[in-house]
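Asker: Here is how the chains run, residue by residue.
Number of protein chains: 2
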Amino acid sequence: MAAPAPPLPPQPTPDPPMTLPENPIGNPLFVRTRLASKDDVPSIHKLIHQMAVFEHLTHLFAATEASLSSTLFNAEPFQSFTIFILEVSTRPFPEDHHHHNPLYPPVVRIFNLDLPIADPEAETFESGEGLVVAGFVLFFPNYSTFLAKPGFYIEDIFVRECYRRKGLGKMLLSAVAKQAVKMGYGRVEWCVLDWNINAIKFYEEMGANVMQEWRICRLTGESLQAYENWG
Amino acid sequence: MAAPAPPLPPQPTPDPPMTLPENPIGNPLFVRTRLASKDDVPSIHKLIHQMAVFEHLTHLFAATEASLSSTLFNAEPFQSFTIFILEVSTRPFPEDHHHHNPLYPPVVRIFNLDLPIADPEAETFESGEGLVVAGFVLFFPNYSTFLAKPGFYIEDIFVRECYRRKGLGKMLLSAVAKQAVKMGYGRVEWCVLDWNINAIKFYEEMGANVMQEWRICRLTGESLQAYENWG
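Here the protein sequences line up with chains B and Y, keeping their order. To convert a position in the first sequence, counted from 1, into my numbering, add 126. To convert a position in the second sequence, counted from 1, into my numbering, add 126.
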């Protein structure tokens with residue numbers, strides 16, 4: 127991978143016209159999706175909490191690092207609850223055998239940004255030398271009886287605020303979609319709030335159909351516990 | 127279990143008043159939920175097709191017995207896609223060691239009906255001597271990051287027409303809810319069409335909250351295949 131070109135100094139109106147470098151990379155951001163492991167639980171816990179804050183749903187947030195650790199990573203990736211971590215770095219990613227799971231070799235893309243990103247929480251979300259966790263997606267298999275095929279359901283997809291509107295969410299969602307195709311699955315599904323116009327526009331641009339007629343029913347809390355002694 | 131009382135012959139206005147038997151069972155229907163196995167695939171395939179007809183969605187129906195067999199029953203019950211079969215009989219269920227899975231011992235209830243049920247498809251759905259398949263529910267684990275707990279998602283719940291409005295759907299849904307409680311899970315969720323007022327009323331009576339703000343996004347067919355070469 128070529129080293130990024132240094133930023134150009136401020137230029138007067140050029141005469142003769144300035145010769146641009148062949149590959150003008152101003153502020154490269156190296157971005158990677160990889161499978162999460164138990165080591166990522168502290169980051170995942172903080173990300174889920176940020177999502178609860180963003181959705182004004184902190185009163186429903188009851189996850190702890192311990193409860194996440196005990197309920198996640200208990201099965202093979204893609205067979206049950208699975209998490210892709212989104213990591214960023216301003217330098218190329220190091221050779222990283224620790225994260226090289228043969229079921230999903232990490233995918234790296236380079237984003238060329240107009241401006242460098244100021245991440246006020248870089249230290250909190252550091253996941254290695256110069257690497258920072260920027261988001262995650264949690265998904266698991268679902269099943270379509272009409273297709274007689276599994277698919278994936280995306281429970282959460284989240285990118286931290288300073289990394290939004292740059293294509294990183296698209297990278298996370300695409301990673302899940304590609305994995306579904308690779309496994310011969312029939313569908314990828316997720317939910318969106320009906321007033322979240324920006325998200326709906328984004329998902330439609332990704333090729334998704336937003337289904338207007340279906341409503342989700344949820345049985346939880348005391349209403350669920352009431353079935354303890356049924357039958 | 128007491129043998130059912132024979133139906134009473136037509137009576138003139140009684141004088142002195144007729145003495146009712148202590149336990150007047152007119153038309154008992156024995157109903158059982160049990161774990162499905164590969165042996166049930168022919169019944170399951172027919173039930174899914176009936177569901178497609180009911181929903182006017184036969185153009186989306188692509189399941190075959192072979193594709194169902196190869197994608198279902200590949201994991202422990204409750205860890206992945208799981209099916210409860212709903213069976214009925216006019217006589218008590220026989221001792222049935224074949225279906226006695228320790229993970230879910232069959233649950234039997236007796237429904238006392240005003241009239242016996244005429245099942246025009248009893249032969250098609252026969253699953254053993256005098257036993258008839260009346261419906262099914264297919265569900266699998268989902269996950270709530272806020273609760274840091276798994277739950278169940280119900281993909282399909284279906285009762286054949288002649289057995290509807292008798293409490294059998296409630297029995298199927300309750301069986302899944304009870305199993306969720308037993309496993310310490312946090313939620314049971316499923317979907318309903320917004321115009322299906324009867325179903326919504328039924329689900330609310332079961333304790334479910336119908337969430338009005340969420341929409342399902344679906345990526346399928348060519349829109350999904352487009353991600354094959356991404357990244």
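In short, the hints are calculated from the structure, not lab data. Take the hints with a grain of salt, since some may be wrong.
Repeated chains share a single entry, so a pair holds when one copy, or any two copies, can fit it.
[As the list claims (entries may be wrong)] Straight-line C-alpha distance at most 20 Å; calculated EDC-like pairs for lysine to aspartate or glutamate:
no., residue 1, residue 2
1, K327, E348
2, K308, E181
3, K296, E354
4, K304, E252
5, K304, E339
6, K304, E354
7, K304, E348
8, K327, E339
Asker: Reference check for the pair K327 and E339, CA-CA at most 20 Å: within, between, both, or neither?
Answerer: both (18 Å within a copy, 16 Å between copies)
Asker: Given a CA cutoff of 20 Å, do K304 and E339 count as a within-copy pair, a between-copy pair, both, or neither?
Answerer: Neither way: K304 and E339 sit 27 Å apart in one copy and 28 Å across, limit 20 Å.
Asker: Between copies, within a copy, both or neither: which fits K304 and E348 at Cα up to 20 Å?
Answerer: Intra 39 Å, inter 12 Å, cutoff 20 Å: inter-copy only.
Asker: Have a look at K296 and E354 and pick one of within, between, both or neither, based on CA distance no larger than 20 Å.
Answerer: between (42 Å within a copy, 15 Å between copies)
Asker: Which holds for K308 with E181 at a C-alpha limit of 20 Å: within a copy, between copies, both or neither?
Answerer: The answer is neither: 32 Å in one copy and 30 Å across copies each exceed 20 Å.
Asker: Under a CA distance limit of 20 Å, which applies to K327 and E348: within one copy, between copies, both, or neither?
Answerer: Between copies only: 19 Å across chains, 36 Å inside a chain, cut-off 20 Å.
Asker: At most 20 Å between alpha carbons: which applies to K304 and E252, within, between, both or neither?
Answerer: neither (27 Å within a copy, 42 Å between copies)
Asker: If the cut is 20 Å between Cα atoms, do K304 and E354 qualify within a copy, between copies, both or neither?
Answerer: between (40 Å within a copy, 5 Å between copies)
Comparing the model with each numbered hint stated earlier shows that hints 2, 4, 5 do not hold.
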